[in-house]
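Colleague: Generate coordinates for the entire structure from the input sequences, incorporating the hints supplied.
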Amino acid sequence: MSVFKKFNRSKEPRVNRRIIASQVRVIGPDGGQLGVLALREALSKAEEYGLDLVEVAGQVTPPVCKIIDYGKYKYEQKKDQQRSKKKQTVIKLKEIKFGIMTDDHDIEHKLRKIREFLDEGDKVRLTVFFKGRQMMHQDLGKKVLDKVAQKLNDVATVEQSATFEGRNLFMILIPSRDKKEKGQLHEVKVQ
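For the sequence shown, my numbering begins at 1 and goes up steadily by one.
Quick caveat, the hints were computed from the structure, so don't treat them as lab data. Among the clues, some could well be false.
[Claimed, not checked] FRET-style restraints, in silico, Cβ to Cβ:
#1 Gln77 / Asn168: 41 to 49 angstroms
#2 Lys92 / Lys147: 22 to 30 angstroms
#3 Tyr49 / Glu116: 18 to 26 angstroms
#4 Lys11 / Ala38: 20 to 28 angstroms
#5 Lys131 / Lys85: 17 to 25 angstroms
#6 Lys87 / Arg167: 34 to 42 angstroms
#7 Lys92 / Gln134: 23 to 31 angstroms
#8 Asp104 / Gln82: 25 to 33 angstroms
[Said to hold, decoys possible] Below, in silico cross-link-like pairs of lysine-lysine (DSBU-like), each with a Cα-Cα straight-line distance of 35 angstroms or less:
#9 Lys72 / Lys11
#10 Lys94 / Lys72
#11 Lys45 / Lys72
#12 Lys74 / Lys94
#13 Lys79 / Lys11
#14 Lys85 / Lys113
#15 Lys11 / Lys85
#16 Lys110 / Lys151
#17 Lys45 / Lys94
#18 Lys123 / Lys147
Note that CB positions come from ideal geometry on N, CA and C, so glycine has one too.
Modeller: Now the structure itself:
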């Protein structure tokens, strides 16, 4: 195990005295180029401004360094990461199971839950399971799925029609685009 800290392997940019190049291309605090300077000159310029010299592009020759407040730079990068993470939407796949003999009341109860999932923007996998000799009545399973899809056609569209996977028949529903657009328009009007 090494006792020395390895700064070069970290993902953070090199700052001030940690910059290893002898000459650097310097960008001033206002965003204008100051040209290619020796490292000592660049560090003295940064000290004149009371800011840090931060290497923003170390792969090019000479490396590009910017005179900025390093603490503020790290804070802005962290905020940018949080914003980009917030923009990413994770679509989950929820599963609801039915039997071929599922009663109408039970189907209605499950429909309410499916609507909740679709309103949250999740995909829903509807599964009809067959036990023993029920495999001879595959048409009943398709009827159950078609009935559910027909009752949800105002909020969902069928992404994958009814297909068999072993002893299970499944269908995948996604939130319909019309519903999403109506929700977005409603949000704009509320604000």
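Colleague: Does each hint hold? Answer for all of them.
Modeller: We went through each hint and held it up to the structure:
no. : hint                               : result
1   : Gln77 / Asn168: 41 to 49 angstroms : holds, 47 angstroms
2   : Lys92 / Lys147: 22 to 30 angstroms : holds, 24 angstroms
3   : Tyr49 / Glu116: 18 to 26 angstroms : violated, 56 angstroms
4   : Lys11 / Ala38: 20 to 28 angstroms  : holds, 27 angstroms
5   : Lys131 / Lys85: 17 to 25 angstroms : violated, 44 angstroms
6   : Lys87 / Arg167: 34 to 42 angstroms : holds, 41 angstroms
7   : Lys92 / Gln134: 23 to 31 angstroms : holds, 29 angstroms
8   : Asp104 / Gln82: 25 to 33 angstroms : violated, 47 angstroms
9   : Lys72 / Lys11                      : holds, 17 angstroms
10  : Lys94 / Lys72                      : violated, 42 angstroms
11  : Lys45 / Lys72                      : holds, 19 angstroms
12  : Lys74 / Lys94                      : violated, 38 angstroms
13  : Lys79 / Lys11                      : holds, 17 angstroms
14  : Lys85 / Lys113                     : holds, 28 angstroms
15  : Lys11 / Lys85                      : holds, 19 angstroms
16  : Lys110 / Lys151                    : holds, 12 angstroms
17  : Lys45 / Lys94                      : violated, 58 angstroms
18  : Lys123 / Lys147                    : holds, 18 angstroms
The structure shown violates the earlier hints numbered 3, 5, 8, 10, 12, 17.
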